[in-house]
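Protein sequence lines correspond, in order, to chains W and R. Quick note on numbering: our numbering labels position 37 of the first sequence as 37, and the sequence is numbered without any gaps. Quick note on numbering: our numbering labels position 81 of the second sequence as 81, and the sequence is numbered without any gaps.
In short, the hints are calculated from the structure, not lab data. Mixed in with the good hints there might be a few duds.
[Claimed, not checked] Straight-line alpha carbon distances no greater than 30 Å define the calculated DSS-like cross-link-like pairs of lysine-lysine that follow:
#1 R:Lys84 x W:Lys147
#2 W:Lys200 x R:Lys12
#3 R:Lys12 x W:Lys197
#4 W:Lys32 x R:Lys12
#5 W:Lys2 x R:Lys47
#6 R:Lys317 x R:Lys563
#7 W:Lys50 x W:Lys199
Predicted model, so just to flag it, every value in this text is computed and none were measured.
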Amino acid sequence: MKSLVCLKQVPDTETQIKVNADGSGIVTDGIKYVINPYDEFSVEEALKLKEKFKAGEVVVLSIGPDRCVEAIRTALAMGADRGVHVCDEAVNNGDPFVMAQTLAAASGNIEYDIIFCGHRAIDDDFAETGAMLAELLKIPQITLVTKIEVSADKKTITCERDIEGGKETVESPLPCVVSSQKGLNEPRYASLPGIMKAKKKPVDKKTFADLGLTPDAKLVSKNFSMPGSRQAGQKFEGMEPQEVAKTVVQALRSEAKVI
Amino acid sequence: MANLLVDERDAKFVLYEQLNIEELCEAETYSEFSREMFDMVLEAAQKLAEKELAPTNVEGDTVGVKLENGNVSVPPSFHSAYQKYCEGGWAALPISPDHGGQGFPNVMYIATMELFVSANQSLMMYPGLTIGSARLVQLYGSEEQQRMYMDKMYTGEWCGTMCLTEPQAGSDVGALRTKAVKRPDGTYSISGGKIFISAGDHDLTENIIHMVLARIEGAPAGTKGISIFIVPKFRYDDAGNLVDNDVSTMAVEKKMGIHGSSTCALNFGEKDNCIGYLLGEENQGMKIMFNMMNEARLSVGVQGLAQASTAYMHALKYAKERFQGPEISTMKDPTAPKVPIIQHPDVRRMLMWMKSVTEGIRALLYYAAYCEDRIHAAKTPEESAKYQGFLDILIPICKAWGSDMGFRVTELAIQVHGGYGFCREYPVEQFMRDCKIASIYEGTNGIQALDLVGRKIGYKQGLLFKSIVAETGALIKSAKKNYRLKDIVEPFETARNHLIEVTRYFGLKSITEDFMTPILYASPYLELFGDVAVGFMLLWQAVVADRRLEELYGDAKADTEEKKAELLKSNRSAAFYRGKVASAEFFANTILSLASGKARAIMSGERSAIDLPEESFALV
Ligand SMILES: Cc1cc2nc3c(=O)[nH]c(=O)nc-3n(C[C@H](O)[C@H](O)[C@H](O)COP(=O)(O)OP(=O)(O)OC[C@H]3O[C@@H](n4cnc5c(N)ncnc54)[C@H](O)[C@@H]3O)c2cc1C
Chain W
1 MKSLVCLKQV PDTETQIKVN ADGSGIVTDG IKYVINPYDE FSVEEALKLK EKFKAGEVVV
61 LSIGPDRCVE AIRTALAMGA DRGVHVCDEA VNNGDPFVMA QTLAAASGNI EYDIIFCGHR
121 AIDDDFAETG AMLAELLKIP QITLVTKIEV SADKKTITCE RDIEGGKETV ESPLPCVVSS
181 QKGLNEPRYA SLPGIMKAKK KPVDKKTFAD LGLTPDAKLV SKNFSMPGSR QAGQKFEGME
241 PQEVAKTVVQ ALRSEAKVI
Chain R
1 MANLLVDERD AKFVLYEQLN IEELCEAETY SEFSREMFDM VLEAAQKLAE KELAPTNVEG
61 DTVGVKLENG NVSVPPSFHS AYQKYCEGGW AALPISPDHG GQGFPNVMYI ATMELFVSAN
121 QSLMMYPGLT IGSARLVQLY GSEEQQRMYM DKMYTGEWCG TMCLTEPQAG SDVGALRTKA
181 VKRPDGTYSI SGGKIFISAG DHDLTENIIH MVLARIEGAP AGTKGISIFI VPKFRYDDAG
241 NLVDNDVSTM AVEKKMGIHG SSTCALNFGE KDNCIGYLLG EENQGMKIMF NMMNEARLSV
301 GVQGLAQAST AYMHALKYAK ERFQGPEIST MKDPTAPKVP IIQHPDVRRM LMWMKSVTEG
361 IRALLYYAAY CEDRIHAAKT PEESAKYQGF LDILIPICKA WGSDMGFRVT ELAIQVHGGY
421 GFCREYPVEQ FMRDCKIASI YEGTNGIQAL DLVGRKIGYK QGLLFKSIVA ETGALIKSAK
481 KNYRLKDIVE PFETARNHLI EVTRYFGLKS ITEDFMTPIL YASPYLELFG DVAVGFMLLW
541 QAVVADRRLE ELYGDAKADT EEKKAELLKS NRSAAFYRGK VASAEFFANT ILSLASGKAR
601 AIMSGERSAI DLPEESFALV
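Could you put together the complete structure from these sequences and hints?
The following block contains the structure:
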């Protein structure tokens, strides 16, 4: 089973994010970066498929600046076989469409039965790249996947996916794009022997020119700002319960205007 | 706020900016490694510590170990955490690949241990003792013993213990009575009782390999007649099956802390069927143990460091979140807004003390481990001897100063939390209870002080001490060139001179009939030595941090105080380096400046503690 895992490096969820002075982005100094958590599910699932079929390859594909190699190496330390790193000023901060274009172009030289994307990246939260990638490659996609079953002949895949209030089971021919959702699996930890081996696994570095593409961004981000600070709550004290209830209802209606 | 275990920015600062451990990779021994790999290891260790080990820490404390029908069980959640630890290959991180390990530098072992132990000290006792006892087999065991025991210990499949203590033989190991009688086949029958044996029995692994100190029938009394034996809980019979080896668990102690670590009273040979296999040669037990001592003592120092580290992180978080009282300048105004307690000067003082001391212990312990690596990477015998000297003299300080001051940091963490800190609802009181043992086992801190005064400072006409004097002298000389560091260098130089003076004073006393003075004042001397050793580390760090900070100010064209303050608010690196310089300033002026008083107290030679008749202490 050959899997292509699209993986993004994102700021750790626990990092305190600050917007830079001109509002063009965030302050990157001192940020800790990690593999996008949804992409970790993808890596784990790809490794499991390879283990199950006792054959195949797990290729990790990532777009981003030099530091992305850390994320790729971590996936290699978990057990992936090799990495492809597209690093180009022109795309490192691209919009979802540029990302999808690039992934599509880069996937051209890679053999795969299945492509994994995270359901979304926790930094910009677009949740669009995987879908666009499938469209560009003209292959089916199954989103928000929490369970995967691949037929013995590797021709079809059956997935369970999250829908409002329940699960839906979907079948699709392979190859297809699957977007990983929380609940798919428990990603393994990188082991020390894995880290030692990761060093020797190949990571191909590519520029935009290597892929022969010009970015075609559909989106311009104008400004970043922090959410306004929350207002302190109101306390209603020293009243009878009925009175409190009345006052709260009134406040909700006239001040907060939520009912 | 990131993880609440270890300030990873500071750990990396010590590794890469202070010690520059990447240089180790230039040596043949470590040529396989790189900064990138070290980073990955720290990352992976932190993840495991946070996600698997830390969540079991409270259950370890509240459920603890249980002894039922002669078998000890660990808190249930420990099983999967331990398994993940072993699966990751962590059990043999610094062990050479020739013996099934990964061969990482020791400094990386200590850095990862800080993470793991701060997550769960009790749990880490099991692998901690295992790697220690397996190393003994590696160094002294026969090929057969290595295959039979060591291999399984380095994967964590079997655990190990160190069995020294007996009721009458605690600090005085030489008084032990456990007996070994040679059998015709060359093995030994072991009989006797040990107490306080950590990991003495448990259900984490199917077998436990005890390293037992015992006296062979007819051997001399005292430490000269001690041998060391491999005594498995289950031994192989002739057919290669594991059979019971007559080691029984009589009790597990009920303790102040580390409830998840079993502390066992063990009986060997109750049915006269306990077989021990000699490790090394007869009567070499103490010598063999001595070879393990540096590592073991450093590991116990790490317990002090790790608990201090997580206690500081928790206290800092709490101090930013807890609102109480108005700011001092508006104290009298009842309508003044309440502020987080981190804005109160006394709370800041406590936090600053915790910060500087914790960072100081971290630097000192990492440095000691790094010295060990430099020994392995040395190009010349002189270089190797130099680092061996640093290591030998610093070890009792790492162990005793690290555990004593680490404990004080955990105590302050409770103080910062106020009444909540005293309650189980918050984790800091557990940190303090768990930490306390570090000043007691592996040679009490009193014994460490005697080691320093009795053995280390006089060794080879004071050679080790002189090398520390030279090393600190060189740092002072270069740091003096930077006027911004004046308020750090001066108190440090003064404290160092006091230490030299006291050491000379001890030297003189030891050759007169007043040799009791150095013994009586060994612990205060170790404290002073520790202050200076940590002051050394923090000054070294300040030199590096100040340089980086000035670069950042320069890059940002921050040439006024306002602009600098602005940069510190927006730039994480600048804020970090400013904090490093502050740690050194605070330590120099708050702790090192006490050196003159400490030196005076020691050199008073005041003897009431020894001269006072016992009757005069009090009637008990
Ligand atoms: C939780 C726990 C785990 C332990 N794990 C192990 C283990 O795994 N293996 C093992 O073998 N042991 C273990 N021990 C035992 C531990 O190492 C001993 O408790 C320690 O060595 C001190 O011995 P003791 O308790 O008999 O105290 P004592 O030796 O009676 O000491 C009492 C006090 O007297 C002081 N003192 C004693 N002799 C001198 C001296 N000559 N000069 C100056 N001061 C002196 C000590 O510093 C101490 O303050 C453990 C103990 C505990 C509590």
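Right, here's what the structure says about each hint:
With a C-alpha separation of about 24 Å, the suggested pairing of Lys84 of chain R with Lys147 of chain W holds against the 30 Å cut-off. In summary, the hint linking Lys200 of chain W to Lys12 of chain R is supported, as the alpha carbons are separated by about 24 Å, within the 30 Å threshold. In summary, the hint linking Lys12 of chain R to Lys197 of chain W is supported, as the alpha carbons are separated by about 23 Å, within the 30 Å threshold. At most 30 Å may separate the alpha-carbon atoms for a hinted pair to count; Lys32 of chain W and Lys12 of chain R meet this at roughly 13 Å.
A distance of roughly 28 Å separates the Cα atoms of Lys2 of chain W and Lys47 of chain R; the hinted pair therefore holds under the 30 Å criterion. Annotation: proposed proximity of Lys317 of chain R to Lys563 of chain R holds, straight-line Cα distance about 27 Å (limit 30 Å). For the hint linking Lys50 of chain W to Lys199 of chain W, the alpha-carbon distance of about 21 Å falls within 30 Å, and the restraint holds.
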